[in-house]
Structure formats: structure tokens, C-alpha cells
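S.K.: Sequence:
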Amino acid sequence: MHYHPENIEPKWRSEWIKNELYKVYNDSEQPKYYVLDMFPYPSGAGLHVGHPLGYIASDIFARFKRLKGFNVLHPMGYDAFGLPAEQYAIQTGVKPAISTETNIKRYREQLDNIGFSYDWSREVKTSDPEFYKWTQWIFLRLFNHYYDNTLQKARPISELINHFEKNGNIGIEAANSQDSMFTAQDWIAKSPKEKDDVLMNYRLAYRKTGYVNWCEALGTVLANDEVKDGVSERGGHPVEKKAMMQWSLRITAYVERLLNDLNTLEWTDALKAMQRNWIGRSEGAKMFFNVSDKAFKLEIFTTRPDTIFGVTFMVLAPEHEFVSLLTIPENKAEVDAYLEYVKTRSDVDRMSEAKEVTGVFTGSYAIHPFTGKRIPIWIGEYVLIDYGTGAIMAVPCDDERDNNFAKKFNLDIIEIIDRTEYPGALPHSKIGKIINSDFLNGMDVQDAIAFMFDKIKSMGIGEKKVNYKLRDANFSRQRYWGEPFPIAYDSEGVSNALSDDQLPLELPDLDDFQPASGGKSPLARVESWIDQFNGLTLETDTMPGFAGSSWYFLRYMDADNTNEFASKEALNYWKDVDVYIGGTEHAVGHLMYSRFWHKFLYDLGFVPTTEPFKKLINQGMITAYGYYAENLRLEDGRMLIGNSCDLANADNVNVGSPIRLAYITDYLDPQGRIYQQAFTEYFNAFGKDYFVNGDISKYHWVEDEKGEFYFTVNIVQEKMSKSKYNVQNPDEIVSRYGADCFRMYEMFLGPIEQSKPWDTKGIDGVNRFLRKYWSLYFDENGWSVNDITPTAEEYKILHTTIRKVTDDIERFSFNTCVSAFMMCVNELKRLECNKKEILNALNILLAPFAPFITEELNQLLGNKDSVHKASYPIYDEKYLILDTVEYPICVNGKKRDLVTLSSSLTQKEIQELAPTLGNVKKYIEGKDLQRIIVVPGKMINLVVKS
RNA sequence: GCCGAAGUGGUGGAAUUGGUAGACACGCUGGACUCAAAAUCCAGUGCUAGCAAUAGUGUGCGGGUUCGAGUCCCGCCUUCGGUACCA
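Okay, so the first sequence: first residue is 0 according to numbering that gives the first Met the number 0, each after it adds one.
No wet-lab data here; the hints were simulated from the structure.
Here are the simulated DSS-like pairs of lysine-lysine, each with C-alpha atoms no more than 25 Å apart in a straight line:
1) Lys834 with Lys67
2) Lys926 with Lys893
3) Lys567 with Lys613
4) Lys285 with Lys207
5) Lys227 with Lys271
With beta-carbon atoms standing in for the labels, derived distance ranges:
6) Lys893 with Asn276: 44 to 50 Å
7) Glu298 with Ile327: 19 to 25 Å
8) Glu298 with Glu172: 16 to 22 Å
9) Leu859 with Leu916: 49 to 55 Å
10) Glu731 with Gln501: 45 to 51 Å
11) Leu20 with Leu859: 14 to 20 Å
12) Asp559 with Asn143: 24 to 30 Å
The C-beta atom is built at its ideal place from N, Cα and C for all residues, glycine as well.
Starting from the given sequences, assemble the full structure and let the hints guide the process.
M.R.: Right, here's the structure in full:
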């Protein structure tokens with residue numbers, strides 16, 4: 000009898016489905032446990048070996064918890080809205096709904112192959128109207144609430160309107176996007192459109208014109224976390240700042256709670272740090288500067304009010320609203336030219352090149368609040384419009400950027416900090432003594448900061464203020480494949496929320512997915528859809544990918560509910576996610592938005608917890624090796640330069656940048672076969688095919704004096720992705736070795752939170768283990784398990800393994816679990832142990848890792864019920880105790896000898912006994928024995944002075 | 001630059017609170033079985049010296065604390081991840 004997974008696995012797969020083995024009920028008496036995976040985007044490439052890493056870990060954990068007696072919710076679904084499906088539709092005409100369905104089917108097959116214990120009756124798809132009905136429903140609640148800063152809670156917008164009618168906005172402490180005051184009379188006098196505009200300043204989901212990340216290539220706006228290094232996360236297209244009317248979510252209202260509640264979470268420090276970083280809290284002061292000959296004041300934010308006497312100029316962001324007001328006629332031409340120049344620069348330009356200092360003088364002056372001096376007001380792109388107030392007071396002596404700016408444009412620099420008494424202090428650090436600063440002279444920097452907070456407050460020119468890097472989340476996408484906004488506008492442009500019974504507002508069926516003119520979504524062309532609510536015009540933007548993913552984990556709790564997103568009972572029973580497993584790539588996007596939505600739903604009384612994910616495990620990426628040729632020279636001496644990521648811009652790439660190796664399909668050889676030859680040689684060296692993802696003719700050829708062909712190879716680890724053609728498919732491994740082997744091998748690779756390159760060279764070891772495990776149950780005559788009572792040694796092996804595996808699963812150390820199983824089986828094999836009591840317990844122990852082989856053996860062992868419904872074995876200390884223990888004898892920490900002692904001896908007894916032992920005596924004879932250190936079970940250490 | 005994580009054999013990695021470093025596996029070497037191969041099994045395998053027992057040495061580098069340091073402290077180096085004209 001040999002181990003044949005291909006005979007075992009399909010059988011149990013269908014058996015489990017038939018018996019609804021993994022169905023979970025909400026009315027259990029058992030304690031609940033919620034184990035969740037970050038649901039995948041069903042891409043056309045299918046699952047690769049990286050996806051299941053986290054899924055396998057969570058599946059093992061879920062199965063373990065089930066065997067431990069918990070009612071475990073372990074669901075799966077699909078983040079089914081998104082750009083790739085729509086891009087695909089534009090290219091091929093296949094409708095996103097269709098391609099998404101196809102991809103989901105494929106994902107499901109692949110997932111089923113691996114033997115996950117998901118309760119598929121709770122499956123969710125964010126693109127399903129029955130699901131996005133509730134996404135829209137939550138959006139409407141966000142739209143209809145504002146954030147009360149005093150209560151630190153979301154409140155209905157109707158309360159705010161009541162207040163406006165009685166008192167205007169006087170006495171309102173709310174998160175808002177403006178702070179001009181109005182009275183009750185002002186409010187009543189406003190037109191509906193004006194009222195709508197005012198309310199937009201308070202709503203948690205609101206519309207405003209702002210500078211957004213516009214991606215021309217994708218034809219849509221992106222959120223900050225969807226932009227990486229100045230290009231779009233999806234596709235790597237350039238992104239520019241553009242002023243547009245957009246929906247936003249007021250996540251900044253929750254910023255303090257999002258920051259403080261991090262302390263309550265069992266997340267890694269790294270991840271919490273990322274979130275803190277993204278939130279970017281900094282304490283400082285806002286200050287107002289009078290402007291010469293102008294009625295308005297200029298507001299700035301600074302963390303260093305102590306440096307006020309070092310201020311020699313001011314700088315505004317180019318987009319600042321005062322730019323035109325402050326530009327004097329003589330400087331207008333120059334300023335306009337500068338603004339024009341700034342407009343042409345994308346984010347990549349601003350980031351990539353060496354920091355070049357640019358700016359222009361407006362011609363206006365601010366007045367220094369203490370010295371009364373005139374301070375020139377400049378415009379510079381290093382000041383960002385969306386941080387602080389978009390304007391700064393420049394202190395060139397103590398800020399590197401201000402310093403560079405001052406040097407470039409010959410502006411004054413006044414030294415105001417003396418660090419000579421603090422030799423270790425770095426320049427620009429908050430350490431030193433203030434000089435040249437009137438009443439601040441001689442003060443310590445820290446004291447001066449505190450002093451200035453009070454000073455500016457008492458003078459009425461400013462006050463303490465906390466600033467954040469976190470911005471409100473851009474929530475509009477000019478795309479088709481997303482949730483439509485349940486918002487319609489009247490002829491005045493006043494926004495109207497649809498009523499709950501009009502939900503879901505479904506996407507219309509479409510044939511043409513090209514963006515509509517004016518940077519609008521394809522929906523803008525579908526008049527019948529836009530005008531379906533008589534007289535009103537529907538919003539044509541759709542929600543971004545993170546809309547559905549911000550709350551999907553709640554839907555699993557009660558996935559079929561048609562009256563609520565989930566019932567109160569379900570929400571109160573399952574509460575929150577106990578363990579959430581997923582990649583770090585969602586550290587600041589999905590995880591931040593989910594926390595925000597969850598807190599909002601908590602404020603409204605829908606969910607019982609303030610945080611959605613108690614514990615978070617970050618699985619590392621499974622990477623692939625990427626082979627890049629560097630300095631690839633051809634036989635005629637010319638050098639091939641290029642960069643696979645952006646072939647269109649290959650001309651701009653520097654010599655030496657890596658080129659992705661490519662197998663050329665439509666190779667345009669400019670001269671002859673020689674180039675073809677060069678590539679072929681390279682590829683043969685690796686015995687693999689590579690594909691070029693662009694047109695070879697766009698590479699740039701450079702002359703070189705040497706007539707040799709050579710290259711250097713750079714091997715890097717990189718993300719698996721379809722675009723890199725390095726995807727490893729799990730199905731091949733499963734069909735060759737079986738799902739059990741695949742699961743255990745992925746766990747055996749190393750700690751789950753670590754990134755590691757995919758490599759199959761160790762898989763035989765795991766396969767050998769499974770065969771060895773199987774062979775414990777059989778001999779040459781077949782089934783050989785017997786009922787003989789196990790020996791003490793056999794019990795010891797079993798119980799050591801139970802203890803090790805139980806502890807290691809709890810701390811998500813699955814690779815060491817696999818090692819423990821291997822060691823256990825090796826030992827049992829050595830003892831030729833085929834006793835039922837041992838094997839039955841071991842089989843349950845192994846079940847979470849290898850569900851198929853254990854289920855088969857469980858049946859052969861004569862157990863009627865599934866092994867996945869068994870009770871997890873508990874280890875018993877009594878089996879771990881040995882009669883004798885071999886102690887190493889160490890002298891001053893160095894191992895010298897061994898001594899065998901009874902295991903019943905206490906630490907103290909050994910300490911007293913040790914000097915009398917013969918083989919200890921010889922080490923202490925003639926020496927000065929200071930003391931004896933006994934580590935029970937580990938060692939006896941003699942501390943001697945020689 | 002700043003924040004975070006990590007550096008251990010030829011390789012992946014183990015060592016849970018400071019206590020025999022290298023578990024478990026891959027690979028490699030030798031052997032058994034076989035006409036042969038595959039598979040399987042047995043033995044060896046950090047490095048240096050030695051036929052060997054054994055001795056010395058050894059967890060990125062340099063110091064320190066300790067009877068004892070991969071683990072703790074101080075100062076560096078390297079790699080990876082995040083982030084950046086954030087005032």
C-alpha cells in the first residue's frame with residue numbers, strides 16, 4: 000500500500016462538499032473565533048503560489064481552532080471591482096462582469112484544489128448588487144453624517160441643520176473643510192445650492208474641488224495610497240496634480256482615534272509604525288502674518304515658533320489661493336511663467352531629478368509680528384498645497400530647504416540658534432540655545448517653543464495646532480467598474496441622496512468602455528441610466544476599489560441577509576475579526592479605510608467593537624527570481640539600453656539601468672542576425688523563455704568603441720505578477736505532489752511573515768515525509784495498525800510533539816510545526832511504532848496541515864466521524880518526564896563532561912550533590928570553587944577561579 | 001534623510017524567558033539493493049588541524065555586561081520593506 004494523493008484527494012473534496020463539513024452557524028453555544036484572509040482581486044492570471052501562503056496559514060489556524068472547540072468563521076470572497084477588468088474590457092470588449100465571473104470561477108477551482116475549509120455559503124463578491132447595495136447604503140450614512148469634535152463621534156447631518164437654523168454655525172465643533180462663520184439668518188437666506196455647498200463642508204462623504212492625483216493613462220483619479228513613487232500603483236503610469244470636483248471621505252475626522260486605537264491592537268510594530276507614519280501627526284502652531292498694504296492675513300503652520308526671529312522670507316505653494324492677490328503687476332509675467340512651468344511638471348519629475356531649487360518673488364511683503372520688518376513673499380514648488388496651510392515662514396538658518404532657497408535667491412540668513420554648547424547636536428535639531436532673538440535670547444530651544452505657544456496666543460497672532468499628513472480620502476473614480484454613487488443632482492447642482500429603498504443602484508449594461516469625453520466615466524454616455532430618476536441627474540463617477548473592501552468582513556457574518564448588511568444578532572455574536580492575515584501592501588490603504596468605516600459604523604451603533612481586526616498577521620511575499628541583463632553590449636560594440644518598465648521612455652534611461660531579459664517575438668533587427676544571436680545565447684544559459692513586454696524597436700542603441708559582446712547579470716527577487724511573466728501556478732504542484740504536500744511545503748519554506756523566493760527544490764523532503772507517515776500504517780501485508788498499549792518512549796514522542804505543535808500554531812510558527820512532525824515520524828519509524836493510540840492522536844494533530852491524508856487514514860482507523868470534527872489532543876506532562884537526565888558539566892560555561900542524574904532531583908538537590916560526584920570532583924580539585932549554577936534539565940555549571 | 005525589520009553552514013531555516021548553536025529539511029559524499037536507472041534504506045556532513053579519540057574556532061564588524069551572549073547594552077557595516085521637499 001503506497002501513498003497516492005491522486006486517489007485520496009478528489010474523493011474527500013467531493014465528500015466534504017456533500018456533507019457540508021465546513022458550514023458554520025451563527026447560533027452556536029461554542030465560543031466564536033473569526034479567522035479571515037484578505038480576499039483576492041480575481042485577476043486574469045489566476046492564483047499564483049504566493050496567494051495561498053497566507054490562505055494555508057489561516058486555514059491551518061482555523062482548522063486548529065475548530066478542533067480546539069471553537070465555532071470558527073472562516074469565509075472567502077472576491078474583491079471583484081477594479082481597474083484591470085475594465086482595462087481588459089477596453090482592450091478586448093469582454094464585459095467586466097463576464098471576465099470577472101470567469102476569473103472567479105478559475106480562482107474557486109484553484110482554491111478548492113488546495114483543500115481550504117471555507118464556508119462557501121457565505122461567499123461575497125463586491126461587484127454583486129446584493130453586496131454593493133450595502134456599500135451604497137453605508138455611503139449614504141457617511142453622506143448624512145458629520146463629525147462632532149466635542150463628542151468625538153459621528154452625528155446625523157439633520158442635527159447640524161437644526162443647529163444652523165437656530166444659531167448658524169456658531170458653537171459647532173465639527174470636522175470641516177472651511178471655517179467661515181455664519182448666523183442663523185445667513186443660513187436661512189441661503190439658496191438650496193448654497194446650503195448644499197455649506198453642508199458639503201461637514202459631511203463625512205462630501206464633494207469638493209481639490210488637487211487630486213490624476214492619471215491620464217488610466218483616465219481616472221487615484222487615492223494617495225494608490226500612487227507609489229509618483230506613478231500609479233496599477234500599471235506604473237505617470238500621475239499629475241489636477242484640480243477637480245471629486246467625492247471625498249472625511250477620514251481626517253477620525254485621525255486621533257485612528258492613531259490612538261493602534262495601541263489596542265495586536266499588530267506588528269512595523270505595521271503600526273507605517274500607519275502612524277501615514278497619519279503623520281505633528282504638533283506645532285498656526286500663525287497669522289499681516290501683509291503689507293493688504294487687508295488679509297497669511298496663515299502658516301510651523302513646528303518651530305521659536306525660530307520666529309530667523310524668518311527672512313515666506314513661501315507659498317504655487318497653487319495657493321493668495322498667489323494672484325499677492326503678485327504685483329511688475330512681477331506678473333514672471334510669476335505666470337513660473338506657474339506655467341510648475342504645471343508641466345508631473346510628480347515623477349518633482350521626485351526623480353536631483354532637488355533643483357525653483358521659485359519666484361511675488362513682489363509683496365509680510366510684516367514680521369515682532370520686528371515689524373518687511374518679509375518678502377515668494378512662491379516655491381517645495382511648499383506643498385495640501386500640507387499645513389500651503390504657506391510657510393522660512394527660517395533659512397535652521398531648515399535645509401529654506402537654506403537652499405535662500406542661497407539660490409540671495410535672501411537674508413539670520414543665525415538664531417547656538418549649538419556650540421551641544422557638540423553632539425545635529426543641525427536643525429530641536430537642541431540649542433536661542434540667540435539674536437530679542438526676548439527669546441538665552442532660552443533653550445524646547446523652552447522657547449513652549450514660551451512662543453503662549454506668546455502668540457496672548458497676542459492673538461496664532462495658537463497651538465496639531466497637523467497631520469493624512470488627507471481626506473479621494474473617493475471618485477472616472478470609471479465604469481465600481482459602485483455607482485447613490486447620488487443625483489437637480490438642475491441647480493444640489494446633491495440628493497437616493498433613498499434606501501432605491502438601492503441597489505445598479506450599473507447599466509454597457510458595450511463601450513472607453514472613457515467619456517471630459518475625463519468622465521463611460522457612464523456619462525448612458526443617458527437612460529443617468530436620467531432614470533425623473534428630473535435628477537445621477538453622479539457618473541464610481542467608487543474606488545477600497546469601498547467594498549472597507550466593510551466586506553462584516554457581510555460574511557450574515558451574507559444572505561436582504562434586510563440589513565448583517566443582523567444585530569450576527570454582528571453581536573461574531574463581533575470582530577480575531578485573526579486577519581494578509582500582505583503588508585495594504586498597510587495604509589485597506590487597513591486604514593476599514594478601521595475608519597468600522598469606527599463610523601460603531602458611532603452609529605451598528606457594530607459592537609471600535610476596531611475591526613484584533614490581531615493581524617502579515618504574510619511575506621513569495622517572490623520570483625528576476626534576471627536582468629546589465630550593460631548588454633553587442634558584437635559590433637553598440638550597447639543596448641532600456642528598461643522593461645517603461646519602454647516608451649527608453650531614451651531617457653541611463654546606461655547601466657537593468658533591462659528585463661526578453662524573448663523577442665517580433666524582433667525588429669535593425670541590421671542583421673547578430674542581435675538575435677546575442678539574445679539566444681543568453682536565454683539558453685538559463686534554459687527558460689522570457690517575453691518582452693514591449694516593442695524592441697523602442698530600445699535605444701548606443702555606439703561603443705569595443706567590439707565585444709558581453710553583459711552582466713543582476714539577479715533580483717521580485718513580486719510575482721502577470722506582467723513580469725514569472726508566475727508560478729500552484730495547480731502544477733498540486734497535481735504532481737498533492738494538496739497536502741503543497742500546503743506543508745509552503746509552510747515549511749520559512750516563517751510566514753518573511754518574504755522568500757519560490758523554489759521547489761525542497762519539496763521532495765515534504766513528499767518523503769508524507770510517504771513515510773503513510774507507511775507507519777502499513778507493512779508489506781497491508782494495514783498493520785494494532786491495539787497494543789504504547790510504551791513510555793512512544794508516549795513521550797507523541798506528547799512532546801503535541802506540546803510543540805500546539806504552542807507553535809498559537810504563535811503562527813508553522814515551519815517549526817512541520818519540522819516537529821518530521822522528527823516525530825522519524826522517531827516512530829525508528830521504533831517501528833504502529834500502535835493505534837499513538838497514530839490516531841498524531842493523525843488529528845496533523846489534520847489541520849494535511850487535511851486529505853489524515854481524513855483517509857482517519858477512516859481507515861475506523862473512526863466514523865471526520866477527522867476535522869475530532870477533538871484536538873492535549874499533552875500530558877506525565878509522559879514528558881524521564882527517569883534520568885543527562886547533564887552536561889560545564890566549567891565556567893564551557894562544556895567538559897556529562898553526568899546522568901535522576902530526573903526527580905530538584906535544583907537544590909543537584910547543587911548539593913554535584914561536588915560529591917566523581918566526574919565533577921576532577922574539575923574542582925585544586926581550584927577555588929565559587930559556586931555551582933544548575934539549570935534544571937539543561938546543565939550544571941561550575942564557576943571556578945583558577 | 002527619517003521610520004521599521006533582519007543579518008546564523010553550500011542552501012532554506014531552528015534555538016519560545018541569556019543556558020550543550022546549527023533542530024528539521026535540501027544539497028553533497030560514501031555505502032546497500034539493482035544487469036542498470038529511478039525509488040528506497042544506512043552512514044557522514046559548520047570551519048581548521050589530526051588516521052583517530054580529540055583540540056581549537058565559530059551566529060555581519062568592533063567593544064562591553066555576565067560563571068555563561070545568536071539572544072542584553074554601546075558604536076558601526078550591509079540587506080530588505082515603508083516613506084519623503086510634510087515646514
